[in-house]
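Visitor: These are the residues of each chain, in order.
There are 4 protein chains.
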Amino acid sequence: MCELGRPKETCISAPQELSNGGGIDTGRTISFSDAVIAIAITLLALDLKVPQLPESSVAAELPSALLELWPNLYSFVLSFWIIGSYWLAHHRISRLVGAYDRRMQLINLLFLMWIVLMPFSTALVGEYEHQQLPVVIYAVHNILTSLTLTWLWRHAIRDSRLVEANLDPSLVRYSNFRSLVVQGVFLLSIGISFISVDAARLSWVLIWPLTGLVL
Amino acid sequence: MCELGRPKETCISAPQELSNGGGIDTGRTISFSDAVIAIAITLLALDLKVPQLPESSVAAELPSALLELWPNLYSFVLSFWIIGSYWLAHHRISRLVGAYDRRMQLINLLFLMWIVLMPFSTALVGEYEHQQLPVVIYAVHNILTSLTLTWLWRHAIRDSRLVEANLDPSLVRYSNFRSLVVQGVFLLSIGISFISVDAARLSWVLIWPLTGLVL
Amino acid sequence: MCELGRPKETCISAPQELSNGGGIDTGRTISFSDAVIAIAITLLALDLKVPQLPESSVAAELPSALLELWPNLYSFVLSFWIIGSYWLAHHRISRLVGAYDRRMQLINLLFLMWIVLMPFSTALVGEYEHQQLPVVIYAVHNILTSLTLTWLWRHAIRDSRLVEANLDPSLVRYSNFRSLVVQGVFLLSIGISFISVDAARLSWVLIWPLTGLVL
Amino acid sequence: MCELGRPKETCISAPQELSNGGGIDTGRTISFSDAVIAIAITLLALDLKVPQLPESSVAAELPSALLELWPNLYSFVLSFWIIGSYWLAHHRISRLVGAYDRRMQLINLLFLMWIVLMPFSTALVGEYEHQQLPVVIYAVHNILTSLTLTWLWRHAIRDSRLVEANLDPSLVRYSNFRSLVVQGVFLLSIGISFISVDAARLSWVLIWPLTGLVL
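So the protein lines, in turn, are chains S, X, P and R.
The number in the numbering used here is simply the position in the first sequence, starting from 1, with 395 added.
The number in the numbering used here is simply the position in the second sequence, starting from 1, with 395 added.
The number in the numbering used here is simply the position in the third sequence, starting from 1, with 395 added.
The number in the numbering used here is simply the position in the fourth sequence, starting from 1, with 395 added.
Keep in mind that the hints were calculated from the coordinates and are not lab data.
A portion of the hints provided could be inaccurate.
The list makes no distinction among identical chains, and a pair is therefore deemed to hold if it is satisfied within one copy or across any two copies.
What the hints assert, rightly or not - Below, in silico cross-link-like pairs of lysine to aspartate or glutamate (EDC-like), each with a Cα-Cα straight-line distance of 20 angstroms or less:
#: 1; residue 1: K444; residue 2: E456
#: 2; residue 1: K444; residue 2: D563
#: 3; residue 1: K444; residue 2: E522
#: 4; residue 1: K444; residue 2: D496
#: 5; residue 1: K444; residue 2: E524
Given only the sequences and the hints, what does the whole structure look like? Please build it.
Guide: Below, the structure written as structure tokens:
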């Protein structure tokens, strides 16, 4: 958009926000991200639908109808804590990031896109819990989400203008380690799913003890 | 993850956020919690569905069809004020908490998980208002929510780094008292539900006069 | 809860937040209210459902199926601007309020409850646009919402601790006037609905020219 | 509302917020807008529904049932990035705006109304991806959204009280240029839709390379 020989003042290009005096307002990007994550984590519960039973048989069938929601409840709880962990990771990263350039805005939007799709993948696994395909989709979805967060993080620490001056190295190590665990567990679960779909789904809970995030 | 003999600087562990210079940003945790509670309280209304009637009989049947929504409206209003009270309690606690450590983040997420599930339990009671099982589920759900809030509170006041210096003792007493009332009323209602399900549901409104939260 | 003769320090009562050093954090109440209003205003659009047509007749029937959404679109647009106006009014009030006491918190929650129910009333009018009952419900719903906002406002200005010191009298006059217009128009529309339901629905748009809120 | 001869102090009119000492609180308008945009961008995913298959044929039919979601996924991703771009544009504008007057509040609400309707248009295109009408509706919808954002921007820069003193001219040029690209691409796609509906839908992705917003 800026041809050669054209005076620089008249060329039109996506502004390099950072060079124009100090980064896009970080606070707004963070609160927008928080809102999107908060909505996605709340919409997870929409997949838990109250069973519709004919009035005559409610008393007899309600307990078993509620028990049938078990796989949906399992994937709800799992996804709630996975999104919750992503939020904590995003939170941890944001504390170290002093400014957002345009590319970080776009990587952050990509991360939010995966988060927004999470209720779909969750509902898919909850509905067809014994099928391999949903389990693989869920695992790939989470690997992509985690890789995007790693990308966001790597982009920020590569550029000294974007991170806080005194970056705590133990926090950098932990963030890298945590990403590898998440990606590793989900990659492994794809392999396991060829042997047992149920074992693959259960293997996902390994994330928390491995990253030390237990109550 | 930190074997013996390994130099401390290279071991990887979930960072003790607090020791690394002053706690995770409290504001962001609070605004994330507020967003989740705000969404959950708004989604409650999704259970109130406009009745679908054939065009020929709308005029005749609409009034009675709307009246049939009464139990759903009752549980909507009840849950709206219960979540509203939890928000006020969370608000009250947050004002006294100066920092969030990692465990508080996790307890807070657990609290939010119960909040996110509230529209489901509400819809269940609204749909099967004369069944005992939904009433018991709703009561247990609220006891767990209130206990988690108590846990959050107890964890904070146990650690002087997490609370504001000049903790008002009357506020501490009121928070403890309020939790006991909520847990007591819901526990009692489980007992009542063995005699009368309707009385159990009605007993829940006792929370407000007992905690002095009336307009 | 505080019997006579009991030492004041040990009695348990809902804390008079204000007396304990300066009001509940106003910012958090406002941002919670904003989130609830934002969600309700966005959920309005959920009532606009894409028509489901058999594949063979899509090309022929889609235009008329979309035109049939017209009453839903009318009530969506109307409710969007009504909630938008409530938000502006809430915004206007909040700028003058320096602190929230407990009663204001409860009145504010009541106001939010009416807002949260707005998508239901909107869908009801959109679905049965020629019936009197939904029109009356919608009008009563809005009168209650506006009265609650007036209550919030009156409670705040009655107590000098709650409002900013230099209260602009023209803003007070405008807020009172605006409330009366909203309540008056909706009250009038109930009367009109006995003659013509369609005229009653159309009369609601008078709010904007009468309150001077036009682009 | 202010008749001639009436003393100015007693006339009632919508307050000229700005003249009464410095603009409506900009922060609240921005965070309300962010919340609405965040909710709308998240609700986009509600259109991706898990296919319901009979248990006997799940294994065989799930892959093809998921592939049939492809047009819905395409319009989800497209709309996600379009709303994301609007958010970035709104963000860019807001950084330069120091105050909101009443007219800007109303233009901003109009912009939010288009955003709130975006999930509907998205679902329409996703459902009937080979029909011309949904494609034209989607294009017109986006032209109106972009024009409203231009209006907001033009209104702000026309009034020196509303913008920051040192307005960066390259940012003004970029904002104008970006709006023209968005409006141009969607206008062009309406023309293309008379020849090929699929080509029209595909032409929308031109927005990103043309505005230089690529990762």
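Visitor: Decide, hint by hint, whether the structure agrees.
Guide: Here is how each hint holds up against the structure:
Proximity of K444 to E456 under the C-alpha cut-off of 20 angstroms is restricted to the intra-copy arrangement: shortest distance 15 angstroms within a copy versus 24 angstroms between copies. For a Cα distance limit of 20 angstroms, the shortest separation of K444 from D563 qualifies neither inside one copy, at 45 angstroms, nor across copies, at 43 angstroms. For the identical chains of this complex, K444 and E522 are neighbours both inside a copy (12 angstroms) and across copies (11 angstroms), given an alpha-carbon limit of 20 angstroms. For the homomeric pair K444 and D496, neither the shortest alpha-carbon distance inside one copy (41 angstroms) nor that between copies (35 angstroms) is at most 20 angstroms.
Taking CA atoms no more than 20 angstroms apart as the test, K444 paired with E524 passes in both settings, with 16 angstroms inside one copy and 16 angstroms between copies.
Consistency note: the structure conflicts with the earlier hints numbered 2, 4.
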